[in-house]
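Asks: The listed protein sequences correspond, in order, to chains P and B. Take the first sequence: its letters are residues 1 to 248, numbered as in this note's numbering. Take the second sequence: its letters are residues 1001 to 1472, numbered as in this note's numbering.
Don't read these hints as lab results, they were simulated from the structure. Quick reminder that beta carbons are idealized off the backbone N, C-alpha and C, glycines included.
Which bits of chain B does chain P cover? Going by a derived footprint, with three or more residues having C-beta under 8 Å, they are:
1) 1360-1373
2) 1456-1470
Below are the DSSO-like pairs computed for lysine-lysine, each with C-alpha atoms no more than 27 Å apart in a straight line:
3) B:K1288 - B:K1308
4) B:K1009 - P:K154
5) P:K238 - P:K179
6) B:K1278 - B:K1318
7) B:K1009 - P:K145
8) P:K177 - P:K154
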Amino acid sequence: MPTTAPQASTATILRAAGVRKSFVMGDTRIEVLKGCDLTIRPGEFIAIEGRSGSGKSTLLHIMGALDEADDGTIEYAGRDLARESSSARAGVRNCEFGFVFQFYHLLPELSVLENTMLAAMIENSWFSFRSRRAELRDAASAILKSLGLEHRLKHRPAQLSGGERQRVAIARALMNKPKVLFADEPTGNLDADTGRQIMAVLEKLHRDAGQTIIMVTHDRALARTADRVLVLKDGILKNADRTPSTTG
Amino acid sequence: MYKLTLILKYLRKRRIAWVSLLAVILCTAMVLVVISVMGGWLRMFKEGFHGATGDIVIARPGSLSGFPYYQEMIERIEQLPEVNGAAPMLRSGGLMKIGGYRDVVQVVGLVPEKMGRVNGFTQSLFRQTQNADTATNQPSFKLPLPADEYRAYADRAVTDPADWPGAIVGTYVIARKNEKGELERPAAAYRLPMTITVLGIDEESSSVDINNKVQRPYWVVDDSRTKIWQIDDKTIYVPFELLQKDLRMEAFGDAPARTNEVAIGLKPGTNLEAARAKIRDIVIDIAKARNLPMEEIDGVVALGAPVKVMLWQEVNAKFIGAVEREKVLVTMLFGIISIVAVFLIFCIFFMIVVEKTRDIGIIKSVGATSAGVAQVFLGYGLAIGLTGAVLGTLAGYLIVKNINWLHEMMGTLMGVKIWDAETYAFDTIPNTLNPNEMIVIFCVAVIASVIGALVPAIRAARLNPVEALRWE
Ligand SMILES: Nc1ncnc2c1ncn2[C@@H]1O[C@H](COP(=O)(O)OP(=O)(O)O)[C@@H](O)[C@H]1O
Ligand SMILES: [Mg+2]
Chain P
1 MPTTAPQAST ATILRAAGVR KSFVMGDTRI EVLKGCDLTI RPGEFIAIEG
51 RSGSGKSTLL HIMGALDEAD DGTIEYAGRD LARESSSARA GVRNCEFGFV
101 FQFYHLLPEL SVLENTMLAA MIENSWFSFR SRRAELRDAA SAILKSLGLE
151 HRLKHRPAQL SGGERQRVAI ARALMNKPKV LFADEPTGNL DADTGRQIMA
201 VLEKLHRDAG QTIIMVTHDR ALARTADRVL VLKDGILKNA DRTPSTTG
Chain B
1001 MYKLTLILKY LRKRRIAWVS LLAVILCTAM VLVVISVMGG WLRMFKEGFH
1051 GATGDIVIAR PGSLSGFPYY QEMIERIEQL PEVNGAAPML RSGGLMKIGG
1101 YRDVVQVVGL VPEKMGRVNG FTQSLFRQTQ NADTATNQPS FKLPLPADEY
1151 RAYADRAVTD PADWPGAIVG TYVIARKNEK GELERPAAAY RLPMTITVLG
1201 IDEESSSVDI NNKVQRPYWV VDDSRTKIWQ IDDKTIYVPF ELLQKDLRME
1251 AFGDAPARTN EVAIGLKPGT NLEAARAKIR DIVIDIAKAR NLPMEEIDGV
1301 VALGAPVKVM LWQEVNAKFI GAVEREKVLV TMLFGIISIV AVFLIFCIFF
1351 MIVVEKTRDI GIIKSVGATS AGVAQVFLGY GLAIGLTGAV LGTLAGYLIV
1401 KNINWLHEMM GTLMGVKIWD AETYAFDTIP NTLNPNEMIV IFCVAVIASV
1451 IGALVPAIRA ARLNPVEALR WE
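Okay, chain P solo, but in the shape it has when bound (with noise of 0.2 Å):
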C-alpha cells in the first residue's frame, strides 16, 4: 500500500493512480489506458473529454468499481478498490457512487417509481425495505419530482421519451444519496435541446447540492460546463491534475 499523506485524503474524494486496462482481441492487444492519473476532490465537476473509442468509458468503469484495472490503484475514502472483494465493490457502487449511461441502461420491466428505487430495493433485504418502504417511496417521488417526472411515477421506460428516460436515470443514480455521481455521455443520445436540458441537471445538482461529478464526453463544447476538463489521449489523461502528494 502506497502511504498517502493525510492531508490529500482528507482533500480528495477519489483517486485514480497508473491506470492501466489492455483487452485482447483476437491476435491483438489493446492498450485502452497506458497509465492514468486523476484526483478529485470533494465537490468537483469533472470532464473528461476525448475521442470516440479512446477509452473514457473504460476509465469511468474502473474508477467507478464497475470494472478492475490491469494496474494501478483506485482510491476511494482510503480504501483500495482494487483489492476488495467484489461484494465490496458492489457495495460501494449501491451507496458511494452512481451511474448515468450514454443509453439510460432502465428496466423495462419496472415503472419509473420502481426503476428509481433500485438502488434502495439492493441496499434494503425484504424485511427492511418493508419496514421503510414509505419513507423510500418519499424520497424517490421527491428526487423525481426536483427533474419534473411526478406525472410519469407509474409509467414505464418504454411510454418515456428520451430526456424523461435519462432523468430517471439520473433520478435512480441519486436514489441513495452518492458521494460520486458518473456520467458516460449522458447526453450523446438525446438532441441538443434535451441534451442541455440534462446538462442543466447535472449543473444544478453541482451547484445546489454540492455533487461531485465526473463526465465522461466526447464534445469539447459540453465538457466546458465542467469545473476542469481532463483529455484522455492515446491512453493518457492529459492536463490531468497532479498534486505533488500522488506522485510516488
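Given chain P, work out where chain B with the ligands should sit, using these hints.
Replies: Positioned in the frame of chain P, the structure of chain B with the ligands alone reads:
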C-alpha cells in the same frame, strides 16, 4: 428485496416463462397420474389375487393328480390359533356349453360354506351377497328357484332338471358391459342350464384319460366377480365333491381322496411367514408319516412335483411380478420424459439470461452482488417450480380422481379406448392417490426446476457488468 420484485415482474411479463411453467405442470401431473394409476393397478391386482387365493396355499405345482390326506392336514391346520379356516380346492380345465356357446374354462371345485373363512370368494358373489334381497353369509350351490321352474326350462332333459347341481360362474361368463360401462346380466341369468365336461385324471400316471370323460349338467345359481378379469372371464365354480368324483379323485378302495389345493385363511394381523412355518411343520409331519413328496424334508429337496406351502404372493408371483416390473418401467419412462422437462427449463432460463444480460449488467452496476443475481434466477426457478408443482399436483389429482369419467369421454368423443379389461385385468381404472407419492413428486418437481435454473443462474452471476452493459 429487488430479487423478489424482479422474480415477480419477470414471471408476469415474460411469456417464455409460461412455457417452462407449463412444462413443469404437465410433467408433474403426468408422473403423478402414471404412478397413481400404475400403483393403484398393482394394489388392486394384489388385493384381487389375495382375495381370490387366501393367505396361504398348500399345492403341488406341476402335478395334475394333486395330493391325498388333505382332510388330515385341514383338521390339524384349523387347530392353529392363527388360522381362520382351511378348505380344499380343485382346479381343472373343462369344456363349458351354455346355450349355444362353448368355451374352454377353468373349473374350480370348492366347499362354499368354508370359503367365507378362507378368502374373499363370498364377497365376490353377486346374487347371494351383493344383491341385498338375498344377502347371506353362507353361500351355497343350492338352486334358488322352485323345482317346477327348472323343469319348465329344461323340459327335454333325460334326468330331472330339479336335481341338477348349481354352479357359480365368473361374472363375464354371463354378463357383459354396456357402453356406459355398467354390467348387464341377462334376465334369466340364474335359470341358465349349462354343461361342464371334465376329464378324469389317472392317478398312476397323473395324466388325463380321454376315456374318463364326464359330462354334467348344472344350473347357474350365481356369478362371482373377483375383479380380476382373467379369473372372472372363464372360471366356473362347482361343488367340491362332484368335481372330485368327476375327476376321479375321490376315495376309491384303498386309494385316499385327493385335492389340488388347500387354501388357508389367517386371522387378521397374523404374521404370514410365521404362520407358514407352522403350517409347513404340520404338512411335513403328515408327509413323513404318509410318504408324500414334500418340497423339502430334513434338508432333502424332493424331485418331481412336491407339495409346497406357499404364500399368496408366491402363488401369484408371475402376475404380480409382471405388474410390478411394468410399474417401475413406466415410472422410469416418464421420469426420463421429466428430465427432458428439466432440460427445457434449462434452455428457457438460459434464453432468459441471455435476453436479460443487459438487465443483469444494470442491477450489478447499481450494486447487486453476483450472489444476489444468482438468487434472482434461482428464485425464479423456484417460483416456477413451486407454481408448476402446485398446479401440476392439482391437475394430476383431478385427472386421477376423474380418470374413469375422462376415459369414457375419450371413448365417446374420439372413439379411443385405452383401458381394456382384457389387458389390464380390471374393468375400472384405479383412481386413488398415495399422499407420500404426491409429496415426493411435488418435491422432485420443485428441485428439478431449481436444478434447471442452476447453470443459467451461475452464468448470470459470473457476468462482467461492463460486458453485460455493452450487450446488444
Ligand atoms: N470488452 C472489450 N473487449 C475488447 N475491446 C474493448 C472492450 N471494451 C472496450 N474495448 C475497446 O477499448 C477501446 C475503448 O473503449 P471505450 O472505453 O468504450 O471508449 P470510449 O468510451 O472512449 O468511446 C475501444 O477501442 C473498444 O473497442
Ligand atoms: Mg464510451
